[in-house]
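Undergrad: Heads up: the sequence lines are chains B and D, in that order. Be aware that the first sequence starts at 1, since it is given in our numbering, and climbs by one per residue. Be aware that the second sequence starts at 1, since it is given in our numbering, and climbs by one per residue.
Wrong hints could be hidden among the right ones.
Unchecked claim - Facing chain D, from chain B, some residues (calculated, C-beta under 10 Å):
1. T53
2. T68
3. A122
If you're looking for bench data, these hints aren't it; they were derived computationally from the structure. Just so it is clear, CB atoms sit at the ideal spot from N, CA and C, and this is done for glycine as well.
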Amino acid sequence: MTRRVRLALFLASAVGLAVVLGFALAGLPGFDADLGRYASFVASHAVSQRRGTNSVVDVAFDYRAIDTLAEELMIFVAAVGAAVLLAHARDESDEGQAADLEALRAPSTSDLLRTFGPGLAAVAIVLGVYIVTHGHLSPGGGFQGGVILSTALVLVFVAGRTLAAARTRPLAPLEVAEAVGAAGFALIGLGGLVFASVFFENFLPLGTKGSLLSAGTIPLSNVAVGIEVAGAFALVFAELVDQMVLGRGGDT
Amino acid sequence: MSAPALVVAAWLLLVGLYGVVTSRNLVHLVLCLGVAQASTYVLLLAVGYRQGAQAPIFSDIPTSAPVVDPVVQALTLTDVVVEATVSALLLALAVQTRKRFGTVDPDEIGELHG
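Based on the provided sequences and hints, a complete structural model is requested.
TA: Structure below.
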């Protein structure tokens, strides 16, 4: 199929899709309609039932925690898949070149970046931990905080003198963190099954609304997911940095 | 009026698909897929938005206050995470493709092995 035929085919079907999409979107409720029944129930009862003031997190980590488990396993599988694919690519490369990796210098690390990178990494870690642990109270949660935590590692990469040193590329601990986080979240679900006979039932004391230790299992789930997401994203970053290093080594 | 948000959602989907169909580079293709997927964020948030309502965080507003739909926001969270992981996996595949075929143009890969 030539490019022109493909483009024509796409344009024809895109017009059809646009028409159908227009009909579908025209049937959606407007901004002045009432919320759906499920949404208004959650909005008015989440805080009194679960004591977590962030009702989005109440939905994600309590009412629909089983969906979040599937989503979290998806991250786990995707990160492992990316790591396997990229590690495979690494093994195919020249062995002698791999031996030089420890000495490979970052190409354009300025003194400024090298000075402030570690400091910014510390800030990223504090912010990430805050976002993870306060997810049930204020905007945030395990996913958002986990991504912020993984940026700390990226900052260490870009500020580092060597790109491929084992110390800034702790692949094994990252894999462990990812697995521990994923297993921890699944265990919290199993805990509901054991202590309250329903999978992902909130089996811990709910505490007072607005305090850090409240909302039962929700903060624990946030911490587990935060560890898992931080590990998964950092693992993908680390593997992609490896590719960058190997690619440049191959070119010169 | 919810029309502008919905038009943006439809436009992002179509323009992202156009990019995927016409792409000459696998990395560019992954980014176009991200654009197409961004339409679902706009759509979900537009479905949940209500005029004059606040964010569904009840730390400093009463539970009786009008808020936007918290359920679609949780769905959007899922959506963002899925997009990020799918991109990571596809980019890893693009790296492998470059290693194996020496090109990241989807058409050339098809010519060699079609």
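Undergrad: Per the CB criterion, is T53(B) less than 10 Å away from chain D?
TA: 4 Å, holds
Undergrad: Tell me if the interface restraint on A122(B) is satisfied: Cβ within less than 10 Å of some Cβ in chain D.
TA: Constraint on A122(B) not satisfied, violated at 24 Å.
Undergrad: If you take the shortest Cβ to Cβ gap from T68(B) to chain D, is it below 10 Å?
TA: 7 Å, holds
Going down the numbered hints, you'll see the structure goes against just number 3.
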